[in-house]
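Chain residues, written in single-letter form:
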Amino acid sequence: MASPITAASAYAKLARLADPSANLGKAAESAGPSFGSMVKDAIGSVVAAGKKSDGLAQGMAAGKANIVDVVTAVTETEVAIESLVSVRDKVIQAYEEIMRMPI
Amino acid sequence: MDFLKSMAIAASGLKAQTGRMRVISENIANAESTAQRPGGNPYRRKIPTFRSEVDRALDAQTIAMGKVRQDPTDFRVKYEPGHPAADDKGYVKYPNVNSLVEMTDMREAQRSYEANLNVIGATRRMIQRTIDLLRA
Chain A
58 MASPITAASA YAKLARLADP SANLGKAAES AGPSFGSMVK DAIGSVVAAG KKSDGLAQGM
118 AAGKANIVDV VTAVTETEVA IESLVSVRDK VIQAYEEIMR MPI
Chain B
112 MDFLKSMAIA ASGLKAQTGR MRVISENIAN AESTAQRPGG NPYRRKIPTF RSEVDRALDA
172 QTIAMGKVRQ DPTDFRVKYE PGHPAADDKG YVKYPNVNSL VEMTDMREAQ RSYEANLNVI
232 GATRRMIQRT IDLLRA
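Protein sequence lines, in the order shown, are assigned to chains A and B. Heads up, the first sequence is in the working numbering, so the first residue is 58 and it goes up one at a time. Heads up, the second sequence is in the working numbering, so the first residue is 112 and it goes up one at a time.
Please keep in mind that the hints were generated in silico from the structure rather than gathered at the bench. Values in this document were obtained by computation on a predicted structure and should not be read as measured data. Here a beta-carbon is modelled for each residue, glycine too, at the ideal position from N, C-alpha and C. A couple of the hints might just be wrong.
Label-pair restraints from in silico Cβ distances [claimed, not checked]:
(1) M95(A) <-> T215(B): 47 to 55 Å
(2) N152(B) <-> Q115(A): 39 to 47 Å
(3) K97(A) <-> I242(B): 15 to 23 Å
(4) L244(B) <-> V96(A): 16 to 24 Å
(5) Q150(A) <-> E219(B): 33 to 41 Å
(6) L244(B) <-> M95(A): 13 to 21 Å
Construct the entire structure; sequences and hints are all you get.
Structural data, given as structure tokens:
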């Protein structure tokens with residue numbers, strides 16, 4: 058059933074696959090924020106939350122901060138880190154799944 | 112995120128109950144504090160007040176300690192002629208603190224604190240269970 062037209066389009070697709078640089082920029086632009094920038098943003102917010110809880114923990118050690126504030130900030134950081142780690146694990150798991158695909 | 116908001120609101124409840132506990136401990140500690148000079152007024156019982164506050168960042172109503180007010184009821188009077196704070200008739204004014212009332216208030220503050228802690232714990236478990244979905 059393979060007509061010359063389908064064969065030609067398959068070759069064109071293959072050529073695009075073989076030369077990823079030609080298409081990558083366009084694809085990243087059209088698909089909204091890339092995975093890289095998403096991870097970057099998430100890590101930024103985790104680092105900010107971690108800094109806040111660290112500062113409060115130091116304040117508590119110095120006898121200045123309220124224990125409720127410290128516990129809330131630490132919990133917030135924990136939640137942020139855990140969700141980031143879970144998303145990362147899930148994405149890496151999906152990537153590995155694709156890499157194991159027999160070609 | 113709403114989860115973090117509800118934790119912040121419960122944390123404001125914890126802080127308010129901590130403040131209430133401080134006032135109650137003042138009352139209990141000063142239950143027998145008499146005046147320094149003869150015939151003077153002793154320690155007056157303090158009453159904590161609470162008000163709900165609109166937190167613009169959270170877009171929710173949190174709780175905060177209001178002004179600590181004084182209890183205007185009468186002092187307890189005891190006849191103790193030898194006491195340094197006794198007036199010329201031999202009566203000493205003791206604070207209007209009733210330890211039974213303070214104990215009840217303290218238990219109430221304790222239970223309120225625990226309720227807010229449970230809110231934080233339940234919220235945390237909800238977050239945890241949701242994140243666990245990603246780790247099937």
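- Hint numbers the structure violates, sorted upward? 5
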